[in-house]
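A.B. asks: Protein sequence lines, in the order shown, are assigned to chains V and P.
The first sequence runs 1 to 171 under my numbering.
The second sequence runs 1 to 492 under my numbering.
Among the hints, a few may not be true.
To be verified - Restraint-style ranges between C-beta atoms, simulated for each label pair:
#, chain 1, residue 1, chain 2, residue 2, range
1, V, Tyr117, P, Gln376, 13 to 23 angstroms
2, P, Ser363, V, Leu74, 30 to 40 angstroms
3, V, Tyr117, P, Arg352, 42 to 52 angstroms
4, V, Trp70, P, Ile335, 38 to 48 angstroms
5, V, Leu74, P, Lys204, 31 to 41 angstroms
6, P, Arg283, V, Ser171, 40 to 50 angstroms
7, P, Thr332, V, Asn131, 27 to 37 angstroms
8, P, Ile424, V, Glu69, 33 to 43 angstroms
9, P, Val295, V, Trp70, 20 to 30 angstroms
10, P, Lys228, V, Val39, 47 to 57 angstroms
11, V, Glu69, P, Lys204, 51 to 61 angstroms
12, V, Ser171, P, Ile175, 25 to 35 angstroms
13, V, Tyr117, P, Lys228, 35 to 45 angstroms
14, V, Arg134, P, Gly214, 49 to 59 angstroms
In case anyone wonders, no lab produced these hints; they're calculated from the structure.
Just so you know, even glycine gets a beta-carbon here, dropped at the ideal spot from N, CA and C.
Single-letter residue listing:
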Amino acid sequence: MDILQHEVIKMSEKKEEQMPSFMSRVINIGFFGGLCWGVVGYIAYYLNLAKIGPALALAPWALGKWKGEWLGQLLGIIVIALLSILIAILYRFLFIRIKNMFGGLLYGILLWLCVFYLLHPIFPGLEPVKNLGRNTIATTICIFILYGVFVGYSVSFEYHQRKLMRERKSS
Amino acid sequence: MQNSKERQKTSISTNIKEVEEQLKHRIGIGESFDVGVRKLSVLKKEIQIYYCSGLCDTLFIIEIMRELMDMDHGHRAPSNVKEIVHNHLSHQQVDVTDNLEIAIDRMLSGLIAVFVEGEAEAFIVDVRSYPGRNPEEPDIEKVVRGSRDGYTENIIMNTALTRRRIRDERLRHEIMQVGKRSKTDVCITYIKDIADPGLVELIKKELQAIDIDGIPMADKTIEEFIVKQGWNPFPLVRYTERPDVAAQHIMEGHVLIITDTSPSVIITPTTYFHHVQHAEEYRQTPVVGAFIRWVRFAGIIASLLLVPLWYLYATQKGLLPHDIQFIGPHKTTHIPLFLQIIFAEIGIEILRVAAIHTPSPLSTAMGLIAAVLIGQIAIDVGLFVPEVILYVSVAAIGGFSTPSYELSVANKLLRLLVLVLTAIFHVPGFVFGATAILLYLCFMQNLNTPYLWPFMPFNGKAFMQIMVRLAVPLSSARPSIVHPQDANKQSK
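Take the sequences, apply the hints, and build the full model.
C.D. replies: Structure, rendered in structure tokens:
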């Protein structure tokens with residue numbers, strides 16, 4: 001009985017030793033992914049390549065006029081970075097086994113469809129997709145794809161890398 | 001020696017006349033003037049010394065021969081002539097072989113082969129002295145301070161320069177020969193308890209699989225064989241001519257490939273970000289190093305995207321952001337903007353290609369012609385608008401600031417690609433082009449290493465290293481991408 005309990009404790013210890021660190025990596029990836037591609041989104045917005053900037057993330061809330069200005073964009077980037085942690089965790093639980101990058105690519109497109117079709121009602125200021133114009137659609141899709149690949153590829157690479165390390169250690 | 005199992009064995013005849021006949025026939029003594037034989041009679045036995053003049057040091061050979069000749073005075077003819085001769089070869093590197101093939105190979109590499117009458121074994125003495133230059137600072141990787149030595153065309157000197165920096169007993173220089181005719185020495189350098197054994201094995205396998213008559217283009221040919229370049233314009237391995245850079249990478253767990261006859265050493269595995277770093281950044285304080293690096297990054301991004309972006313604004317009315325309205329061509333010429341840019345790009349490319357093989361006294365004149373004639377007068381006669389010259393030049397300078405020459409050329413090609421896409425599809429062309437390049441880089445793998453690591457796939461710590469150049473005491477971990485067996489550089 002004692003031995004069994006000891007075993008269980010040891011196992012949970014071992015689990016704790018690995019799991020949080022992997023999870024923290026996922027969170028890390030999510031946060032930086034959101035930050036990085038949020039900034040790219042802002043640059044694209046500033047350069048007039050897209051009509052929508054990262055401030056879109058603030059759209060569901062009624063805030064002051066500053067929402068559309070650079071402060072709003074900045075805050076939008078931070079909100080996206082935080083939301084992105086959840087998105088990375090979601091990827092970790094849904095698609096982690098996909099080894100190549102197409103998982104991330106599809107994930108990005110899926111996210112784009114989600115934001116611009118499924119979640120459309122919660123963004124009051126957002127025009128319907130057919131009114132956005134070619135430029136904005138192309139730019140946002142590209143950024144979402146890159147973001148999806150960033151998160152997806154990073155998470156699954158980390159996962160497979162760890163698996164490889166474990167295999168190497170055990171052999 | 002790795003090739004020994006493939007090399008057929010020819011035993012050495014105990015009849016020295018037969019050996020002489022064989023060698024005369026095979027290496028063409030008398031036909032080629034640079035190979036020869038010196039015959040001595042020592043202790044009533046005939047001794048033949050085969051050499052390849054120009055590759056060996058005559059003073060050493062004279063010294064050895066004097067020693068052998070002196071033997072004759074004191075001794076009466078004993079039975080063990082072979083041992084006595086072996087003892088009197090006054091050199092620290094004396095090999096014994098019973099294989100004529102090895103003897104011939106060695107002799108043609110500049111060693112001397114000593115045959116003794118009545119013996120089935122030959123002595124091989126390393127008296128090599130290759131024609132070549134001394135270490136000097138490589139042109140392409142100059143630093144303001146720091147070591148000024150660089151690799152040379154001599155593999156022995158190169159391994160010595162590396163060994164000077166890493167005295168570790170676990171440093172390995174594994175040599176093998178590539179090329180059926182050229183028999184070029186190729187050396188794999190790594191530290192045994194750091195480098196990924198899988199990678200070392202993989203590289204060895206790839207090198208052994210090379211089946212070619214010769215590799216006069218040395219490192220470049222080796223690279224093409226091991227990384228399978230195809231139509232990919234991006235450089236898949238990093239080259240360095242600096243021993244300090246090489247030693248640094250060896251200690252990080254990279255595996256180096258040194259090829260004889262080339263001063264460029266291959267560093268594997270390589271990612272994109274290996275090509276945007278430079279030794280100079282590590283010779284300055286971390287803050288300054290980080291600053292230099294950021295400026296460099298800006299230059300690289302400009303070299304890739306500035307021209308297509310400007311073209312986009314110049315051709316798409318109303319796209320230009322309000323804050324930067326002053327930009328744009330204010331004049332027009334009769335030539336479409338797209339063609340102007342292409343002409344300017346090709347013009348700069350011609351200048352660059354010309355500069356590579358223009359002797360330096362003439363290159364000043366060439367620069368003058370380029371700057372004054374092509375730049376100013378092309379505008380005056382109405383060929384180009386000034387902006388074209390400006391942006392194409394900025395992009396070109398961004399290319400020159402790229403530490404890796406190979407990468408700068410690849411960026412140039414892709415800039416043209418994005419430009420064409422932009423010209424056809426406007427904004428979507430520009431963004432899809434840029435995205436496609438990034439995805440392509442991200443998909444790329446060489447020697448099982450993702451090319452855009454640590455950005456995509458993301459690795460926070462390693463990415464910080466690339467972004468800000470941490471101080472050495474603060475960076476204690478080896479990059480995980482090389483799968484080091486020992487992950488830490490500094491003990492905690």
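A.B. asks: Hints broken by the structure, by number, lowest first?
C.D. replies: 1, 2, 5 and 10
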